[in-house]
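Below, each chain spelled out in residue letters.
Number of protein chains: 2
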Amino acid sequence: MTANDAMHLVETRMFEVVHSDVKILQEASHHILAAGGKRVRPRMLLLAYEACGGTHLERAVPLAAAGELVHTASVVHADINDHGVVRRGRPSVNAKWGRTFALLTGDFLFTKVYELMAPYKDLNVDLADATVALVEGETLQAAAVKDNHFTREVYYQIIARKTAALFRASAVLGGKLASADPQHIEALGEYGFNVGLAFQIIDDVLDLTADETQLGKTSGIDLAQGRGYVAAYKTNGDASNGVAVAEAVLTEQVPADPITSIKQKLLQGDAIHEARLNARRLADLAISTLSVLPDSAARRGLIDLANMVVDRDH
Amino acid sequence: MTANDAMHLVETRMFEVVHSDVKILQEASHHILAAGGKRVRPRMLLLAYEACGGTHLERAVPLAAAGELVHTASVVHADINDHGVVRRGRPSVNAKWGRTFALLTGDFLFTKVYELMAPYKDLNVDLADATVALVEGETLQAAAVKDNHFTREVYYQIIARKTAALFRASAVLGGKLASADPQHIEALGEYGFNVGLAFQIIDDVLDLTADETQLGKTSGIDLAQGRGYVAAYKTNGDASNGVAVAEAVLTEQVPADPITSIKQKLLQGDAIHEARLNARRLADLAISTLSVLPDSAARRGLIDLANMVVDRDH
Chain D
1027 MTANDAMHLV
1037 ETRMFEVVHS
1047 DVKILQEASH
1057 HILAAGGKRV
1067 RPRMLLLAYE
1077 ACGGTHLERA
1087 VPLAAAGELV
1097 HTASVVHADI
1107 NDHGVVRRGR
1117 PSVNAKWGRT
1127 FALLTGDFLF
1137 TKVYELMAPY
1147 KDLNVDLADA
1157 TVALVEGETL
1167 QAAAVKDNHF
1177 TREVYYQIIA
1187 RKTAALFRAS
1197 AVLGGKLASA
1207 DPQHIEALGE
1217 YGFNVGLAFQ
1227 IIDDVLDLTA
1237 DETQLGKTSG
1247 IDLAQGRGYV
1257 AAYKTNGDAS
1267 NGVAVAEAVL
1277 TEQVPADPIT
1287 SIKQKLLQGD
1297 AIHEARLNAR
1307 RLADLAISTL
1317 SVLPDSAARR
1327 GLIDLANMVV
1337 DRDH
Chain G
1027 MTANDAMHLV
1037 ETRMFEVVHS
1047 DVKILQEASH
1057 HILAAGGKRV
1067 RPRMLLLAYE
1077 ACGGTHLERA
1087 VPLAAAGELV
1097 HTASVVHADI
1107 NDHGVVRRGR
1117 PSVNAKWGRT
1127 FALLTGDFLF
1137 TKVYELMAPY
1147 KDLNVDLADA
1157 TVALVEGETL
1167 QAAAVKDNHF
1177 TREVYYQIIA
1187 RKTAALFRAS
1197 AVLGGKLASA
1207 DPQHIEALGE
1217 YGFNVGLAFQ
1227 IIDDVLDLTA
1237 DETQLGKTSG
1247 IDLAQGRGYV
1257 AAYKTNGDAS
1267 NGVAVAEAVL
1277 TEQVPADPIT
1287 SIKQKLLQGD
1297 AIHEARLNAR
1307 RLADLAISTL
1317 SVLPDSAARR
1327 GLIDLANMVV
1337 DRDH
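Sequences listed follow chains D and G, in order. The numbering of the first sequence is my numbering, which starts it at 1027 and goes up by one. The numbering of the second sequence is my numbering, which starts it at 1027 and goes up by one.
Just so you know, the hints here were simulated from the structure itself, not pulled from any lab data. Predicted, not measured: the structure shown is a model, and the values here were computed from it. Misleading hints may appear alongside valid ones.
One copy or two, either will do: identical chains are not told apart, so a pair holds if it fits within one copy or between any two.
Think about it this way: if two alpha-carbon atoms lie no more than 20 Å apart in a straight line, the pair counts; the simulated SDA-like pairs of lysine to any residue are [unchecked claim]:
| hint | residue 1 | residue 2 |
| --- | --- | --- |
| 1 | 1122 | 1171 |
| 2 | 1064 | 1111 |
| 3 | 1172 | 1121 |
| 4 | 1147 | 1085 |
| 5 | 1049 | 1180 |
| 6 | 1049 | 1177 |
| 7 | 1064 | 1235 |
| 8 | 1122 | 1060 |
| 9 | 1049 | 1173 |
| 10 | 1147 | 1043 |
| 11 | 1122 | 1107 |
| 12 | 1147 | 1088 |
If we strip away everything but chain D, and leave its shape as in the complex, we get (with noise of 0.2 Å):
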């Protein structure tokens, strides 16, 4: 079996995960996951499985599912929380079904995921730890955007739970399925962290540069709660022009009305080319840090996996 062949059978096990006979669980969640998605947590799980000499990707497929719908609930109710209508290039689960079915088809994909690895014991602390993760890192955000407390030090404890957290289990899981050496679990895991990290800071650039249609989901979404990530994640010290724009970021709440004016800011300050440098830096750490792997066909995409990460545009 291919990478491709198990991609589809995560799809595959996915839409039957979310099977019930409550038709508008059912409906909404089938909503969300046939709008697609990247698919990086999963792809990325299986690949380090057969990094790690893996040979029956079957196995993986259960693991690999319940990740990405781990990341999907999430996303049903940051669409709540954030008012996004627009999610995948579909109008999202809240703008389609209302807040309380979207909170309710976001809880039944959180406890789906919990049925579907309440079997599996050891590995299933990892999908777990980095769960509760995900909803902190959530959590810490939602405070920094109510205090108006945006550091860069924030920033990275934000996107370290709610994104890098999953995912490092995603990689560690397919590690720790084929029964890798715990150096080279603890590789892997290093690598889907600094890859999440290296993701989240360009899911926050295109929020700033790319349009709705070529993302998929509303966008100025962070700048318009006052977040302003990327300028945050500029503020480190020196004296360029990034920090002052990023620092009027900081420093008022941000109305609704003048997002416009702030993106232009920011897009001609040097806020966005020292993001992307960043996310390259962690994408190449992340990369070497492959080194003590074996070469094979599935350590090489796992190196275009943090290249495309970096690289894309939506």
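Position chain G against the provided structure of chain D, taking the given hints into account.
Relative to chain D, chain G alone:
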């Protein structure tokens, strides 16, 4: 160790489980946990364990804590969807921290259950299934409110999933942990399920008859949302006064204003009385199921629990 000692350990364990350096999650979780609650589910689990000969109550503590945390998570999210502002005699998480943090606190509690139970494997499947059923039941309820379609059958489908499934799982888990005979586990499952149905019927009766101080939560929510639970429960085809009232409730979407008058009508009819009778029958049925178990203090405790569920006034 006595069952009361074990219940103290359950409390302690729940507080430990929700530890987080994300202070808002820990505080909101402590807020709802510290308010107490009846703790019927963990008590049932511990008693079922002892009634099947289990002698290491401390082993049942994490399972009992997990079941109560599932219930707690669902309560936090239900208060968002129902606009409940009082819960267990305190402001709801929703009222105190706002919708965004209430949503995340519920997610945190659901995912903490997942994390707590991750090492358990087989036993975990029962609790995971019940957790999914709970979310499905809440969704059936929200859909019935939206479509204004409440029949007695729909009412039973709702309460079977949103309440009775977790009661069943609690009793079953106690039995399984004690390595009970399959026949005894089956009996405990039926017991738990029927006590759960009775518990929810009485909850819905108290929503109509008790005042908020007594109830410790926002009352009249069911009616305010046009649910007319007790009324629905009464539409069993006979021609009594209760049915006429029930049909009045069921055929019109109930606006917020005439709640008091509908409440009056229901209180004057037979609906409340009938609902109480049916809860009593279910409790008696549950108690009779326990006859396959040998007599013990714990079995008598389960009988008392079933009676308490029906006879309580809050």
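Results for each hint:
no.: 1; hint: 1122 - 1171; result: between (26 Å within a copy, 17 Å between copies)
no.: 2; hint: 1064 - 1111; result: within (19 Å within a copy, 40 Å between copies)
no.: 3; hint: 1172 - 1121; result: between (23 Å within a copy, 16 Å between copies)
no.: 4; hint: 1147 - 1085; result: both (15 Å within a copy, 17 Å between copies)
no.: 5; hint: 1049 - 1180; result: between (40 Å within a copy, 14 Å between copies)
no.: 6; hint: 1049 - 1177; result: between (44 Å within a copy, 18 Å between copies)
no.: 7; hint: 1064 - 1235; result: within (19 Å within a copy, 53 Å between copies)
no.: 8; hint: 1122 - 1060; result: within (15 Å within a copy, 37 Å between copies)
no.: 9; hint: 1049 - 1173; result: between (39 Å within a copy, 13 Å between copies)
no.: 10; hint: 1147 - 1043; result: both (19 Å within a copy, 18 Å between copies)
no.: 11; hint: 1122 - 1107; result: both (15 Å within a copy, 17 Å between copies)
no.: 12; hint: 1147 - 1088; result: both (14 Å within a copy, 15 Å between copies)
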